[in-house]
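Protein sequences appear in the order of chains Z and H.
Following numbering that gives the first Met the number 0 from start to finish, the first sequence increments by one per residue and tops out at 247.
Following numbering that gives the first Met the number 0 from start to finish, the second sequence increments by one per residue and tops out at 259.
Hints were generated in silico from the structure; no laboratory data involved.
Small disclaimer: the values here were computed from a predicted structure and weren't measured.
Where is the CB? At the ideal position from N, CA and C, for every residue including glycine.
Worth double-checking, as some hints may not be accurate.
[To be verified] Some, not all, of what chain H presents toward chain Z, calculated at C-beta under 7 Å: (1) Ser115; (2) Thr126; (3) Glu127; (4) Gln128; (5) Asp130; (6) Ala131; (7) Leu135; (8) Ser136.
[Said to hold, decoys possible] Simulated pairs of lysine-lysine, BS3-like, Cα-Cα distance not exceeding 25 Å: (9) H/Lys141 / Z/Lys66; (10) Z/Lys105 / Z/Lys131; (11) Z/Lys105 / H/Lys141; (12) Z/Lys205 / Z/Lys62; (13) Z/Lys205 / Z/Lys25; (14) Z/Lys62 / Z/Lys25.
[To be verified] Residues of chain H clear of chain Z, computed beta-carbon distances all greater than 12 Å: (15) His46; (16) Leu48; (17) Ser82; (18) Ala85.
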Amino acid sequence: MIELRDLHKAFGDNQVLRGVNLTVPKGESMVIIGGSGTGKSVTLKCILGLVPPDSGTITVGGKDVRKTDRDAFLARFGMLFQGGALFDSLPVWQNVAFRLLRGSLKRPRNEAHEIAVEKLRRVGLKPEVAGKFPAELSGGMQKRVGLARAICADPDIIFFDEPTTGLDPIMAGVINELIREIVVEMGATAMTITHDMSSVRAIADKVAMLHDGVIQWSGPVSEMDDSGDPYLDQFIHGRADGPIESVR
Amino acid sequence: MTLTRPIAAIGHNVLSLLASIGRVSIFAARAVSHLFRPPFYGREFLHALVQIGWLSLPVVGLTALFTGGALALQIYAGGARFSAEAVVPSIVAIGMARELGPVLGGLMVAARVASSIAAELGTMKVTEQIDALVTLSTNPMKYLTVPRMLAATLAVPLLVAVGDSIGILGGYVVGVTRLDFNAAAYLKNTVDFLEFWDVASGLVKGAAFGFIVALMGCYYGMNSGRGAQGVGRATKAAVVSASVLILAANYILTEVFFSA
Ligand SMILES: Nc1ncnc2c1ncn2[C@@H]1O[C@H](COP(=O)(O)OP(=O)(O)O)[C@@H](O)[C@H]1O
Ligand SMILES: [Mg+2]
Chain Z
0 MIELRDLHKA FGDNQVLRGV NLTVPKGESM VIIGGSGTGK SVTLKCILGL VPPDSGTITV
60 GGKDVRKTDR DAFLARFGML FQGGALFDSL PVWQNVAFRL LRGSLKRPRN EAHEIAVEKL
120 RRVGLKPEVA GKFPAELSGG MQKRVGLARA ICADPDIIFF DEPTTGLDPI MAGVINELIR
180 EIVVEMGATA MTITHDMSSV RAIADKVAML HDGVIQWSGP VSEMDDSGDP YLDQFIHGRA
240 DGPIESVR
Chain H
0 MTLTRPIAAI GHNVLSLLAS IGRVSIFAAR AVSHLFRPPF YGREFLHALV QIGWLSLPVV
60 GLTALFTGGA LALQIYAGGA RFSAEAVVPS IVAIGMAREL GPVLGGLMVA ARVASSIAAE
120 LGTMKVTEQI DALVTLSTNP MKYLTVPRML AATLAVPLLV AVGDSIGILG GYVVGVTRLD
180 FNAAAYLKNT VDFLEFWDVA SGLVKGAAFG FIVALMGCYY GMNSGRGAQG VGRATKAAVV
240 SASVLILAAN YILTEVFFSA
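Isolated chain H, as found in the complex (with noise of 0.2 Å):
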């Protein structure tokens, strides 16, 4: 009995993780049903752009030139271990296109805006508001997640190459006030080495970070549940649903697009 207790333990949270995942599938599949199917709501697709989009720029800006500033830092230092500083410019810009621009952008975007999904759409949820739209005969799902879902996959990748184009400007501050690069050889470096699938692969990232972090944010918020502590457990577990997912994905999608 006592032996098997643990086993039950971790059959049971399997079998619920499996139950959560069919969940979140099928919710993900009405939504992208939905998507192609009138009525379209423009005016909160505009909003939901805005929000997601614009509104996270500062963020999302102020976290590539920090980061791309201290991978300028450390490249360099790893670099002189093997008389390789020059590598900088180069490393610092695949770096930030492929890594780090949709993967650090992605998890800033999850903080701010799976959160504030979550949040809303549970406050509407446990306020009633959801089943007003239902009975004013507007389809929550048409309504409130398909506007939200396909802003922020169309966003994200937006957001990444501006987050791409600001830490390669942070790399190259600190390359040139720093460490003594010259500024024209460290840009010609930069526009050189980079190649056309480095930033595209990390736009395509984005989209698909855009679409989790949306997707999470919209599910975990539409199923909340009552009172505020439901919109608290909602929030948390968009958030933290989001960056695990955003980090599993960013390793599938390396492999498949790097991979031998």
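This is chain Z alone, in the form it adopts within the complex (with noise of 0.2 Å):
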């Protein structure tokens, strides 16, 4: 489980985060829906570390994020982040198998690359691709094997940040298939952003919608589109007005 208590995060005078409060429980798919530069990417990377929050408390399975073992903290987790972020000088099977190749998971060099593979025809790349090097990936291509790597050592807490932006429709259907499926057979907790509505119905089980610095409204998908909140109602809906400024 997951928990974010009164989570504060500012970038100078850029006050992005002020008291968030969410909880995902375990095994649970939350998305986290909200206009672009309200603090969504943020929030994940406050949860994984990658950016001190001001104040509030993140706690994971009952602990402290700061008070726990890093490497054993991020064992757990897999990410995929909003640009990819695939190194661009190792081979694709080198970036899924990462994990595998150092550390304290290390695995001999032809079995992670026999898992490279096989979590690449999960995301259903071919074997070929496992050779190439990012650069000559198209995007929906360098999604899918960011997605594999984030996935490659079975982790329990799965974040996805933006899986299906800037895919065609029908990649962003398997994308999200895939996501489904993904968390329903691992059993993991899974925290996706999106700002796209099919990604929303596809993926979640709980929605948060994150709106200036708070969060808005959160609750089961199946609420979500008699919840009654303008706000919600104006992002489900992508209405020029309403109380969400259209100029920011």
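Two chains, two frames, a set of hints: combine them into the complex.
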């Protein structure tokens, strides 16, 4: 279980998070929606310890993340970054198997290669892709490689930052299904950031909307459509007028 | 008000300079401390060694060759003013080994390596690759910085040694072909006058310059601002600060090694 309590974060005088409270139960798929620049990525980065929060607490499985052993903590996580963040100096399979080639999860090279090829197949990529470099792949393929890397060491907790942004609708559908499958199959706890309402419906058990630095609304995906929350309604239906200013 | 403004500006700049020195020092201390704690990334180290050492050979070699040749011509012309043309071989050798080999080698490596390290790490930073490393349980300091700093500190002295030799060769070629030196006498002069410490001091300087180059490249790369502009700024800052620091360190080391 992931629990955020009164999380605050500012960059200079840009107050991004102003008291975020959020609970993600174990094994559930939580989707975070919200306008761009509202701090969704920053929230995930706070949980991972990539960005230090100014105040508030983050607990994972009941333990304060700042007081746990970082290596053991991170070994349970998989993260798909917004831009893929593949290492462009390494071939695809070494990206996917990065964790398995060094550190505490190290395995023999050929075994790591095999696992990488298997995970690539899992995300719908052919074994030929394994030897290529990230720069040789299309955006959609890079996203899928990122996904394969995130699930390579069978994490308990997976974060997906805008997994379908910039993809065509068909590829987006493929990725959505894949994420749903991975979450159900692996029984992992997932947090997904997206702007894409079809993604939300495909992936989410629960939805949380981040606006103005706080969680404006959260609840099961089934209650999303008749929440009565004007902010959520405006976002879901993509209206230009409503309580959310369209000029930001 | 108008009178104090320039003073305030100077104060502000001095303070921010001191703050940067502090940050760089902390960064360097952290990098060095990671040098002695596992895990070690041998593959990355070898890769850095090839990139920094082997691939810098042409640049450093050509720089040394032309410098040695020009040095021979200048010393000959200068020596002729008090009929001391015969000093050409020994001054070329001492000049290359003590000063020009390490300094010019260091500056060329600064241009080639500090820029590429800063651009590479800066791009990794802005494309979230460094964040990705952390989430994959890999310490960027150990994986990216330590191999490069170690490789540069070891490779640049070797580059300097090669540069010294090629520079002396450049002087020899010019001396023999243009200045009518006897080939055997030129070589004998070079060998007789050159002392162990002339060469060794240059190699120590090389190690210091290599450390500076990689430190500046890594520091500015890892702290790159956001976007392409951030990477551009990081690259420029790395090259400029590495070059200035090399020249400053060269003066200090020369004082330490050679002032009576
Ligand atoms: N490292 C950083 N330094 C300064 N500002 C940042 C940094 N990371 C994010 N921000 C700012 O925080 C705000 C939220 O960013 P982000 O979480 O990436 O938005 P999004 O909700 O679209 O994912 C933005 O205004 C962004 O400019
Ligand atoms: Mg984002």
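- Task: Would you check the hint for Z/Lys105 and H/Lys141, treating anything up to 25 Å between C-alpha atoms as holding?
- Result: Cα-Cα ~17 Å, so holds.
- Message: The hint names H/Thr126 as touching chain Z; please verify it with the least Cβ-Cβ distance against 7 Å.
- Response: At 6 Å from the nearest chain Z Cβ, H/Thr126 passes the 7 Å test, so the hint holds.
- Let me know if the C-beta of H/Ser115 comes in closer than 7 Å to any C-beta of chain Z, holds or violated. Not OK, violated: H/Ser115 not within 7 Å of chain Z, min 12 Å.
- Status of the H/Gln128 interface restraint (C-beta, 7 Å, chain Z): holds, 5 Å
- Least C-beta distance between H/Ala85 and chain Z, which was stated to exceed 12 Å: Label holds. Min Cβ-Cβ 53 Å, cutoff 12 Å.
- Message: Checking hints one by one. Is H/Asp130 an interface residue toward chain Z, by the C-beta closer than 7 Å rule?
- Response: With a closest approach of 5 Å, the H/Asp130 hint holds.
- Task: Mind checking the alpha carbons of H/Lys141 and Z/Lys66 for me, to see if they're no more than 25 Å apart?
- Result: OK: H/Lys141 and Z/Lys66 at ~22 Å, within 25 Å.
- Item | Pairwise hint evaluation, Z/Lys25 against Z/Lys62, where the allowed Cα distance is 25 Å at most | With Cα atoms ~14 Å apart, Z/Lys62 and Z/Lys25 stay inside 25 Å; holds.
- Query: Under the criterion that the straight-line Cα-Cα distance not exceed 25 Å, is the pair Z/Lys105, Z/Lys131 satisfied?
  - Reply: holds, 22 Å
- Report holds or violated for the interface hint on H/Leu135, using the least CB-CB distance to chain Z and a cut-off of 7 Å. holds, 5 Å
- May I ask you to test the interface hint for H/Ser136 with respect to chain Z, counting a Cβ-Cβ separation under 7 Å as satisfied? It holds, given that the least Cβ distance between H/Ser136 and chain Z is near 5 Å, below 7 Å.
- Query: Any CB of chain Z closer than 7 Å to the CB of H/Glu127?
  - Reply: holds, 4 Å
Checked against the numbered hints given earlier, the structure breaks hints 1 and 15 and satisfies all the rest.
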